[in-house]
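Protein sequence lines correspond, in order, to chains Z and L. Heads up: the first sequence begins at 131 in this note's numbering, then just goes up one per residue. Heads up: the second sequence begins at 131 in this note's numbering, then just goes up one per residue.
Read the hints as simulated data drawn from the structure, not as lab findings. Fair warning: there could be bad hints in the mix.
Identical copies go unnamed one by one, so any copy, or any two together, can satisfy a pair.
Unchecked claim - Once the Cα atoms are required to be at most 20 Å apart in a straight line, the calculated EDC-like pairs of lysine to aspartate or glutamate come out as: (1) Lys255 / Glu432; (2) Lys362 / Glu432; (3) Lys271 / Asp144; (4) Lys271 / Asp197; (5) Lys345 / Glu319; (6) Lys255 / Glu354; (7) Lys204 / Asp287; (8) Lys180 / Asp284; (9) Lys345 / Asp197; (10) Lys285 / Asp144; (11) Lys178 / Asp284; (12) Lys285 / Glu354; (13) Lys178 / Asp287; (14) Lys382 / Glu454.
2 protein chains.
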Amino acid sequence: MLENKNSSSTSLSDIGEFKLIEHLTQEVKIHHKNTVKGVGDDCAVIDKNKLQTLVTTDLLVEGVHFDLSYMPLKHLGYKAVMVNLSDVYAMNGTARQITVSIAVSNRFTLEALEELYAGIHLACKNYQVDLVGGDTTSSIKGMLISITAIGEADKKDVVYRSGAKPQDLLIVTGDLGAAYLGLQVLEREKQVFQVNPHSQPILDDYNYLVERQLKPEVRKDVVELLKELEVKPTSMIDISDGLSSEILHLCKQSKVGCNLYEDKIPLDQQVISTCEEFNMDSTTVALSGGEDYELLFTISLEDYNKVKGNPNFTVIGHMTEEAEGRSLITRANQKIELIAQGWNAIS
Amino acid sequence: MLENKNSSSTSLSDIGEFKLIEHLTQEVKIHHKNTVKGVGDDCAVIDKNKLQTLVTTDLLVEGVHFDLSYMPLKHLGYKAVMVNLSDVYAMNGTARQITVSIAVSNRFTLEALEELYAGIHLACKNYQVDLVGGDTTSSIKGMLISITAIGEADKKDVVYRSGAKPQDLLIVTGDLGAAYLGLQVLEREKQVFQVNPHSQPILDDYNYLVERQLKPEVRKDVVELLKELEVKPTSMIDISDGLSSEILHLCKQSKVGCNLYEDKIPLDQQVISTCEEFNMDSTTVALSGGEDYELLFTISLEDYNKVKGNPNFTVIGHMTEEAEGRSLITRANQKIELIAQGWNAIS
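Extracted from the complex, chain Z is given alone in its bound form (with noise of 0.2 Å):
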């Protein structure tokens, strides 16, 4: 059969990643009573009593989302666990397990899955998380990486992306767009390299920026400082598409509108230079950048005493009425739209 044999076609090209997932499972039926939450967090949520089951997946594609001319295997095998404990942190659990499938063409030797599974396996030790099973196959071409991890948290515990409530502050962790520019300096490097092969990179200036591209660390301790400090966040989401695209996803699902201040947003100073260098603007690389692996929530006013001047956190903003709109403070104190424009926007 093929797969093209309707007459009216659609080209997933023009439909977006979240339309097509929204989309493809628009008919999902839920038939067991502890499904609690399916599709559309950043985990499914299932019930065990007083405990509940986290699960999310993703899937790394070669050629998509990494590049091995500068990506090590052992850091790409880091990285894709990191990717996927940061939604377990999301929703304010623990992540517990990993499974993890490998696709490889065989240009890929033995030690080369043993440096991928080297990451992977550090991963594991430094976030306490067990890999209980995986599958590993052949591919055509490139590799493909696919890991489902499993948290848990108690009922109470657990934070949707739904709960954010008008008034609401909103807080960000660390600080943002450095993974973003870490991508810039290693793609520049390589093109340099492509031209004069025994060129040696320079990277002494960006370090950090490539640090955080290359070997990010996700907030295990921030939802661990949470729970010490007694703050529950009214909604959560971690920052893998970029600021601005998160804060939608609150927004949308907590039917309420923001305002974010410009000059809240927290910027590392390689950030800041290097985006002089580059001739970029430092806020669109941190609203649209992605990858920084913070967290990104909501708590109520209430609670602001006990984040207060925590080094940890940044209060970038505050949630609004639906009708008042998501909008961006600008430094000149203009009031406009918050869009999401992604990482494929920026230039």
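Please build the complex by placing chain L on the supplied structure of chain Z, with the hints as guidance.
For chain L alone, coordinates are given in the frame of chain Z:
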């Protein structure tokens, strides 16, 4: 970094899938006491008080595991779910949830993915399983489907591969070899079609074989039946790689030997007649064909009366002391060593 930077390198094709997984996961350390079973059975097992969570995952790659020139996308979606659910039933559990990740190149249209998901949704409906998450992304080439299935079972009901004892009876459900022959029939029609695109496939004489290949059903019913009969198998596995390979898994993990009787292996009449037509040995097809998705299990002798005469079950042999080896007793009453060949070896 080049992936073959090491001076000593091992080709993946020299290793084989089982050895590869064993090799790559030998370092796995288990951090959580609720991880009851990690790599090495049909599913991982996670303890949740009395209930245990079962997790399994499979990766299907176009050109390796399926050929879209004769596999309709709806059937592919259905089968991809079956492959995973089968592993949950093989633990004597009930499948509850799945996640589905797909990578597709831009040759696929939205309508093509809708077909695929129609099959996935149908499988979920027929087996009462919830689709709870996933990921959709582009691939450089072809289609790839990664599914993780989550099931559950009472702790006391979970059946591993490792519990078989000498004297236990070896039992298989349904009949074997049909799915493999279905593939041969479809391959032949494809070749005819390539020579003469106006030819119409004549599949009437092979309808059972083709159905077993294109729309396999898995044995949820058997798990329910065993409960009704109050039989708990001592070991169990599903037949995905071929009967001999699965028997050897049970023997290895249970540290026992076996006698398998050639004349007891259940074969459908279409398998027998098509083997004659294709000049193939039906025993070899049943032993090495694979993709039957039947259940293979052992029971202690005292449970024999409970299953005796049940048309769902065929006793095909018994387990022995490990030192006695793993043997096939041929129709000519010769004892030969049982080896796993996999379908690559059939010709």
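Each hint, compared with the structure:
Taking the closest pair of Cα atoms, lysine 255 and glutamate 432 never come within 20 Å of each other, the shortest separation being 37 Å inside a single copy and 45 Å across copies. Taking CA atoms no more than 20 Å apart as the test, lysine 362 paired with glutamate 432 passes inside one copy only; the shortest distance there is 11 Å, against 56 Å between copies. In this assembly of identical chains, the alpha carbons of lysine 271 and aspartate 144 lie at most 20 Å apart only when taken from different copies (19 Å versus 25 Å within one copy). For the identical chains of this complex, lysine 271 and aspartate 197 are neighbours both inside a copy (14 Å) and across copies (16 Å), given an alpha-carbon limit of 20 Å.
Taking CA atoms no more than 20 Å apart as the test, lysine 345 paired with glutamate 319 passes inside one copy only; the shortest distance there is 18 Å, against 50 Å between copies. In the homo-oligomer, the alpha carbons of lysine 255 and glutamate 354 lie at most 20 Å apart inside one protomer (17 Å), although the nearest pairing across protomers, at 39 Å, exceeds that limit. Taking the shortest alpha-carbon separations for lysine 204 and aspartate 287, neither the intra-copy value of 34 Å nor the inter-copy value of 39 Å comes in at or below 20 Å. In this assembly of identical chains, lysine 180 and aspartate 284 lie within 20 Å of each other by CA distance both inside one copy and across copies; the values are 6 Å within and 17 Å between.
For the identical chains of this complex, lysine 345 and aspartate 197 are intra-copy neighbours only, at 14 Å inside a copy versus 37 Å across copies, given an alpha-carbon limit of 20 Å. Taking identical chains as interchangeable, the C-alpha atoms of lysine 285 and aspartate 144 are never at most 20 Å apart, the minima being 39 Å within one chain and 48 Å between chains. Taking the shortest alpha-carbon separations for lysine 178 and aspartate 284, both the intra-copy value of 10 Å and the inter-copy value of 13 Å come in at or below 20 Å. Taking the closest pair of Cα atoms, lysine 285 and glutamate 354 come within 20 Å of each other only inside a single copy of the chain (16 Å); across copies the shortest separation is 31 Å, beyond that limit.
With identical chains, the CA atoms of lysine 178 and aspartate 287 are at most 20 Å apart both within one copy (14 Å) and between copies (18 Å). Within a single copy, lysine 382 and glutamate 454 get their C-alpha atoms as close as 13 Å, which meets the 20 Å cut-off; across copies the closest is 66 Å, which misses it.
Hints 1, 7, 10 from the earlier list are contradicted by this structure; the remaining hints agree with it.
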